[in-house]
Each structure stands twice: as structure tokens, then as C-alpha cells.
Amino acid sequence: MKQTLLFLLTSLLSIPAFSQSDSSFFKRIPADTSKLKLNMDAVYNRPFLQMGKLPVSIGGYLEANSSYFGTDGVSEGLSFQIPRMTIFLSSTIKKRIKFLSEIELEEGGKEIGIEFASMDIELHPLFNLRGGVLMNPIGAFNQNHDGPKWEFISRPISATTIIPSTWSNVGFGIFGKYGRNNLVWAYEAYLTNGFDDKIIANEENRTWLPESKKNPERFEESFNGIPLTTVKTAIRHRKIGEVGISWMGGVYNKFKEEGIVIDSKRRVDVFAIDFNTTVPKINTYFNAEWVWAIVDVPVSSPSQFGNKQQGGFLDIVQPIVKRKMFGWENSTINLAFRTEYTDYNVGTFDETGENIYDHIIAIVPGISFRPSTQTVIRVNYRYHWQRDLLGNPAARTAGFQFGFSTYF
Amino acid sequence: MRQIINTPTMKKTILLGSIALFIITMVACEKMLPPAPKDEAVLAGTIPGLTPQQEHEHLVGDVAFGKIFTPEQGLGPIFVQTSCSNCHAGNGKGHPTNVLTRFANVNGSIVDYLLSKGGPQLQQSSIMGYPAEVIPGEANVLSKRMAPAVMGLGYIAALSDASILANVDSNDVNGDGISGRVNYVNPTSFFIPQSIHIANGGQYIGRFGKKAEKVTIQDQVVFALKQDIGITSDFDMQDLYNVQAGINTGDNVADPEVSASFVHSLVFYMRTLKAPTRRNADDPDVIAGENLFNQIGCTGCHKSTFTTAQSDIEALSNQTFHPYSDLLLHDMGQLLDDNYPEGNAKGSEWRTPPLWGLGLAKDSQGGQLFLLHDGRATTIEGAISFHGGEAASRRTAFNALSEQEKKQIIKFLESL
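Heads up: the sequence lines are chains V and Y, in that order.
Going by my numbering, the first residue of the first sequence is number 79, and it counts up by one from there.
Going by my numbering, the first residue of the second sequence is number 140, and it counts up by one from there.
Rather than coming from a laboratory, the hints here were simulated on the basis of the structure.
Since the structure is predicted, the reported quantities are computational estimates derived from the model, not experimental observations.
Incorrect hints may appear among the rest.
As the list claims (entries may be wrong) - Below are the SDA-like pairs computed for lysine to any residue, each with C-alpha atoms no more than 20 Å apart in a straight line: (1) Lys332(V) - Thr388(Y); (2) Lys177(Y) - Gly151(V); (3) Lys206(Y) - Asp466(V).
Claimed, not checked - Restraint-style ranges between C-beta atoms, simulated for each label pair: (4) Glu298(V) - Asn391(Y): 30 to 40 Å; (5) Lys292(V) - Met376(Y): 25 to 35 Å; (6) Gln383(Y) - Lys343(V): 21 to 31 Å; (7) Val202(Y) - Val339(V): 33 to 43 Å; (8) Thr517(Y) - Val339(V): 42 to 52 Å.
Ideal Cβ positions, reconstructed from N, Cα and C, are used throughout, including at glycine.
My request is simple: use the sequences and hints to build the entire structure.
Structural data, given as C-alpha cells:
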């Protein structure tokens, strides 16, 4: 199965190589930047290549980087990674019926996953149907995570460990959009398979939502027969920016076995808000997301399994040079700065009334060079402080990352 | 995107500036990585003189010590914590959130550890969908224990019984008010006596645990795996279950849940963790404090120096070390009496805890101090004020010192 997929992918990948000699075979369809776009649209608004008259378009991106990190005086040395390569396929099957998929090869092909594979049936701008493997619309990053869009090499911690981006599941739902003048409003609402009890039974020593991603069976059947509901709504004003609010919730444990009730239904609920804007004239770009997770952890779990988590990030990107460089029109150099905070266990110890720590604070200054909006070459310096449950002296990790990411 | 910064000179400056900045940072690479904390500031690291293979084996044990057990790997079904290092964070002392509870029914001299009711230890945590244990109604005494630091245990394990017995003064023949004695306990089924051990009617001297109820590190490790984490090993195949939920319920993972080699790695790790390194030993206040500590007779129990016997780990053979403990049981008076006997130790009897590492205790207890067997004392002075029984006269002597002298003793203790 994995081999067939790999074969398919490599054959698909070799197509753009042929296109070098026959430029008329492939037509570049740039991302549509004319309309007001939301984070939710990210998946549907990527640059694609159209193959001749074929009804299928193809796209994708690659990320590659090197890093040099050390923790408390112990360095891991220099290493190189290809964290992911992604291929998108899209086609319009018939008028108002669309297919879109995203296949991701992680860690050099060790893991191949269908991030996304859905069919849309468009009925009315405000009411459309979507089914298949969906990206749950929670926060902004989960749906808008393409490497080339970011000035930072590491993904935000809260968006990958509280919201387990990239978090996609099998299900179906509805979506719609309404736009007028300088405003656009949209919503998405889905029912999908969801979490399982590994979010507590794991080797991370804390409540850990990403653990459910390790369960491949969630693409086959629900862990407990209760769907995960995800709802997002967002609004963008051309001048002010975009605000999104989202919620995802469901039951994560097996409360029944062969009809016998073995536990109460335990919920996991995740709330997120996201915001982004570009300051006119100076073009400073702000992008932020904050997330809260509330998990009904059994009282008989030790205190490291928190029932509340929160975290978020703020990215500031300032273009400082924009002109023709090395023969590329409109290339830009950006200064970028990220601050992020993730608290895996919000609350106090019953025994002492003292704060429960288990948190990470990180700052990431960086510089990026973009020959075009589709390609980024970036350097980051990252410093992060991680404190354990009890708040003992923080483990400090810092290092440099250098890499690129590009659509193809 | 629109035009941003426009003057050509400015653009050039910024471009050159950025490139220069980048080069400088790359060159400064090493400098911009966080430095290692000083060796003396952490409770990790190996005893000096290990071979590279032993260093490697120590690292294997380190991983085992930090291993988080999941239900799939046999955790529970009832347990206290999910790994050794959750209680012994950074090899240091525990925290009130991880205190464990033992229970028994004590009626005069008859002690029932309520083994058929889930005794001797409470497992207040459980895996998903399985009920945690509650203390059975029959229990009338509880003993709360906070995890001790586990540094330098290899030296203690390498002592000969004779060197421990040398300090015994059961009938206080020397008339100093202190009458330390050993705890003779029944050995475990897997105990193999070494040349250092001296049998006494089939029983052996316990040296580990707060009441010196475990003869070897391995006894303690096997007990901890099962009673603290719910993990069976080759040395104890009977898994825990919650008696209140029904016999043999809960955990369907094949036993043993860890191999003998896993247990040996843990034991090796414990044996080869270095003793805490002293800080500020040359500070005049510290030296004055140490003299006072000797003068007022704290060393009657907190003995500074021992020398190990021959050991199968060469680096532990004939080594002099400074635990500040005689490893003997002492009657500490009513305030510290938990009415819970263990082996031959009575409720009021506790093994003198080594004081090494005391100054680093805060770094594993979340910046606070929780001292004594159950963590009740939040300062060193507080811990001293609970000393009664055999130690009462030393406490009185401490209280009679000037503020300045008390500070010096505390400074000395913090340098350990």
C-alpha cells in the first residue's frame, strides 16, 4: 500500500520535470489574490499547475532545513531535515462538484498521510456540502499551514501540541461564505471521527492531544461512536484584518464496551481565536492564534495530566527591502519575530495550592528572503525555556535553523 | 505588497546590515546556545572512575528511570505514578503531589498490613475506566512518605554491614542519649547475600527506605516498580489489582511487564549516580557551621564519613564518602511517630536520612522545601524543630544557639 502510494507520488512528481521541455503542457495557475481570503480558504487557494487540457491540476510544496540545537550545554550537532513534502491534486469533476486532496510525505517518506481528500458539492454560496478526509477548522494554523507561507521553520508549539496540527479526520459537513464590499464572512461546520483515550494514556507524561494522530483507525471508525464537532466562523475586513473563532469538541473515551457502561462520557473541548492583519503603508504583518483545551481527565489520573491547557503565538513580520534582487522582480527581505507560550497544565496543585507549571516559552527572531511569494529562504534563531510540572529550573534549548520552503 | 522603505542608501544599509548580522550570529553560534549548568548544581552524573561501558550502562538505566509507562505497557491498573522520575524528579526529593501512603491495622503489638485488602500501599491512581483504590475501612494507621533523593546510593549499598553495626549503641552505653539500632528484616525471595552482609537468624540489615526496611537497592526497585507504578518484573510476577473491583481484574498485559534486564539497568543506574557535589565548602560561615554541627552533637546521628568495602564496581571499592547519616533507626519522639511499624522499626523510629544534596533539594521540589519523611517541614529550621526523642537534646542545643550560629549551621547544611 505504502509502496504503491510512493510510486504514484514519484510518477506524479516527474511530470513537472517533463514540463520543462514543453512549457505549453503545464499552465501555472497562481493563487487567487484578488478576492478577500481567509485562513479557512488556504487549502483551496494554492498555486496549481494545470496539465494541458486534463481536468486535474497539481501542486505541492517542499520544506528542507538544517538545524543546530543545544539544550543546557548538550548539543545535538548539525542536522538536516526534510520535514515534509506535500502534493495537492484538484479537479472539477462536474459543474459545482470539486475534488481536492493533499498527500504529505513526512520525514523523508517515512510517513505518508492523506492530509486532505474531499469532495465539495456547491449548492449556494451560503450552503455547500463537503465530505471525505477534512482538515478540522480549528484555529488558523491547522488549515493554513503550508511551509512557504511562514517565515519560521518550526511550526508554532501550541498549534501543533494543543491543537494537533495537521489534524484531519474523516467526516462531512457544510460550509458557506458571504462577501460584500470590504467584508467577507464565512463558516464551516463538520462532524468527523476524533480523539481517543491515548490523549491521557501516553508517554508524554501529560495530557497530549496529538497522541490521537497515531491511531490510524480513526480513518476507519470512530473510537467511541460519538463524532467530533468542529465549527469555525471568521470575518475579514479589507482594512482591519481577519478574526476567526472556532470550537471543536467531543467525547474521547470508551465509555461502553459490548454494551456495558464502563465509564462516564469524558469530553475534550478546544476553543481558538485567531487574528491577522497587515498595517497599511509600512506593511507590518501580525498573525496570532490562541487556544484553550478543556479535557475531562478522570480524578484518578495523577496531577501531571492537566484538564486545562492554553497557549498561542504572535508572529510579526516586517518587510524591509522590496525590489529586484538577483534578477528576481519584487523580491523581499523580511525581519520576523515570533513569541509563543504553551501551558500544558493550567491550574494549581490540590496539595499545595501552588501553580502547576509544565509550560514552554519561546522566542524566535528570524530573517527571510523571498524571491517570490511562493518561495522563502529563512534563517531563525530559536530560544526556548521549558519548565517541568513543579516549576523546577527551566531546561533551556536554543539553536539556529536555516532552510527553504517552496511551492512547485 | 506596496513600496516600503525607499531611499537607496537606506536599502543598502539594511541589506548589508542584515547580511553582517547573519554572519555574526552564525559565527557566534556556540556562544548563543545555553551553557551547561555547573556539575555541582545538579543531581545527575556518574560516580568518578567508571569505564566507558559502565557509563553507557548508566545511560541505559537513566532512560529506564525516566520511562513513562502507559496502560499498554502494563501501567497499573492501579498505581501511584507513571515513572520513577515523576517522584524522584531530577534524582532529587519528591513533592507533596506525589506523596505515597501506606496503611495497616495496628492493634497493640499485632500488625496487619491488610494484604488481602490491597495493602500495604495505597494506589490512588488508575488507568482509564478502572476504579482507583481507596483506603479500606479496616486500616487504622497511615504512613505518608515523600520520595527521598536517590544520589550516591551506590556508596551506601557498598558498605559492609560491619561498618553500619559499628555505630550501633542500642542500650546507649556511651550515655549520649542516642541509641541507634539496625532494622533486621526478612530478605526477599531473590536476595543473594554478598560478603558484606551479616545474617542474623535468617534476617538481614535493611539500609534503604525511610525505616530502613529494604536490604538492597534491587529490593527497593522491584518494590517500587510494582507498588508505585503497577509494573511486574521477573522478580515479582503478581500484578496489582483493585481488590475492591474484584480479584485479578484490570490489567491484561502479559507478565512480566518489564524484563530482568530492565530491573538490572535501574539498579545499575542507582548504584552509579554520583554523590551530590559540595558547594561553598570553603566559605568561613560554612566551616563555622560545620564545627557547630559537630559541637552540638548532630553528628551523633548525621555521621559525616564512611568507607565502602570491596565492590564488583571498581569505582565503588574502598571509597570514602560523606552522607551525614549513620543509616540507623532512631526514636524521634512523638511528633514524628506515625504509628506504622515496618520490619523491626516502630512508628516513632526513622532511619537517619543522608543530608547530602540538601542544598539542592529546592531544585527538584519546585523552588520550595519539603523536608522530613512526609515533607511536612518547609525550612531546615522547621525540620530541626521536629527532632524529638533521641534527638531532643540536640534540638534544645540548636535552639540555644545565637541567630548567627543557627544561620551558620543552615549555611553549612545548604552547602551539602
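Holds or violated: Lys177(Y) with Gly151(V), Cα cutoff 20 Å?
-> Between Lys177(Y) and Gly151(V) the Cα gap is close to 10 Å, so the pair holds against 20 Å.
Satisfaction of the hinted span 25 to 35 Å by the C-beta atoms belonging to Lys292(V) and Met376(Y) | Holds, at about 30 Å.
Taking the CB of Thr517(Y) and the CB of Val339(V), does the distance hold inside 42 to 52 Å?
-> Given about 44 Å between the Cβ atoms, the range holds.
Decide if the proposed pair is consistent with the structure: Lys206(Y) and Asp466(V), CA atoms, cutoff 20 Å inclusive.
-> With a Cα-Cα distance of about 15 Å, the restraint between Lys206(Y) and Asp466(V) holds, given a limit of 20 Å.
Evaluate the given range 30 to 40 Å for the C-beta pair formed by Glu298(V) and Asn391(Y).
-> Check failed, 23 Å falls outside 30 to 40 Å.
Is 33 to 43 Å right for how far apart the beta carbons of Val202(Y) and Val339(V) are?
-> 39 Å, holds
So does Gln383(Y) sit 21 to 31 Å from Lys343(V), Cβ to Cβ?
-> Between Gln383(Y) and Lys343(V), where Cβ atoms are some 23 Å apart, the hint holds.
Take the C-alpha atoms of Lys332(V) and Thr388(Y), compute the straight-line distance between them, and say whether it is at most 20 Å.
-> 18 Å, holds
Violation of the numbered hints given earlier is confined to hint 4; every other hint is satisfied by the structure.
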